[in-house]
Amino acid sequence: MDRQIFLDHIRQTRFALGDKAAAQRDARRIARYLIRQGAARVFGVGSAFVSSRRFTSRSDIDLAVEALDPKRFLAASAKAAEMTDFALDVIPVESASEAMLRTIRKEGVEL
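Using the working numbering, the letters of the sequence shown map in sequence onto residues 207 to 317.
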């Protein structure tokens with residue numbers, strides 16, 4: 207394969223801009239669902255919510271969920287993943303690492 211064709215392909219697939227607005231709409235809809243499932247609060251973190259971060263076609267939606275009953279977490283997370291075409295990470299705040307807690311406090315957007 208020609209090197210330039212390969213590099214162009216990588217740039218298009220890895221660095222193509224994603225639809226940040228669509229990701230945010232999906233995240234807000236998912237947050238409403240998670241709150242109906244019993245979560246106290248839902249925070250969006252990462253490139254979908256931080257204006258200084260680039261959101262590409264390979265970016266995902268990262269949500270931190272507070273006080274969602276552990277017995278409901280897996281089923282609610284699975285249903286939430288079906289509600290978007292983006293990859294979705296749902297992180298329980300209660301078991302988040304210190305680094306993730308700092309990120310939530312610093313740049314988390316309550317949804």
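These are calculated hints, taken from the structure and not from any lab test. One thing to keep in mind: the hints can contain errors.
As the list claims (entries may be wrong) - What follows is a list of derived Cβ distance ranges for each label pair:
1) Gln210 x Ser301: 21 to 31 Å
2) Arg260 x Gln210: 36 to 46 Å
3) Glu304 x Gln210: 42 to 52 Å
4) Ile241 x Gln210: 21 to 31 Å
5) Glu313 x Arg209: 23 to 33 Å
6) Lys312 x Asp208: 41 to 51 Å
7) Ala281 x Gln210: 41 to 51 Å
8) Arg278 x Asp225: 23 to 33 Å
9) Arg311 x Ala281: 21 to 31 Å
10) Arg209 x Arg238: 17 to 27 Å
11) Ala246 x Ile211: 44 to 54 Å
12) Arg242 x Glu304: 23 to 33 Å
Stated by the list, open to error - With a straight-line cut-off of 30 Å between C-alpha atoms, the simulated DSSO-like cross-links for lysine-lysine are:
13) Lys226 x Lys312
14) Lys285 x Lys312
15) Lys312 x Lys277
16) Lys226 x Lys285
Just so you know, these numbers come straight off a predicted model, no measurement behind them. Yeah, the Cβ is synthetic: ideal placement off N, Cα and C, and Gly gets one too.
Evaluation of the provided hints:
1. Gln210 x Ser301: 21 to 31 Å: violated (46 Å)
2. Arg260 x Gln210: 36 to 46 Å: violated (23 Å)
3. Glu304 x Gln210: 42 to 52 Å: 44 Å Cβ-Cβ, so the 42 to 52 Å window holds.
4. Ile241 x Gln210: 21 to 31 Å: Check failed, 49 Å falls outside 21 to 31 Å.
5. Glu313 x Arg209: 23 to 33 Å: Violated: the Cβ-Cβ distance is about 38 Å, outside 23 to 33 Å.
6. Lys312 x Asp208: 41 to 51 Å: For Asp208 against Lys312, whose Cβ atoms are near 44 Å apart, the range 41 to 51 Å holds.
7. Ala281 x Gln210: 41 to 51 Å: Holds - the Cβ-Cβ distance for Ala281 and Gln210, about 48 Å, lies within 41 to 51 Å.
8. Arg278 x Asp225: 23 to 33 Å: holds (30 Å)
9. Arg311 x Ala281: 21 to 31 Å: Holds - the Cβ-Cβ distance for Arg311 and Ala281, about 28 Å, lies within 21 to 31 Å.
10. Arg209 x Arg238: 17 to 27 Å: violated (47 Å)
11. Ala246 x Ile211: 44 to 54 Å: holds (50 Å)
12. Arg242 x Glu304: 23 to 33 Å: holds (30 Å)
13. Lys226 x Lys312: holds (20 Å)
14. Lys285 x Lys312: Since the Cα atoms of Lys285 and Lys312 sit roughly 28 Å apart, the hinted pair holds (cutoff 30 Å).
15. Lys312 x Lys277: holds (29 Å)
16. Lys226 x Lys285: At roughly 21 Å apart (the allowed maximum being 30 Å), Lys285 and Lys226 satisfy the hint.
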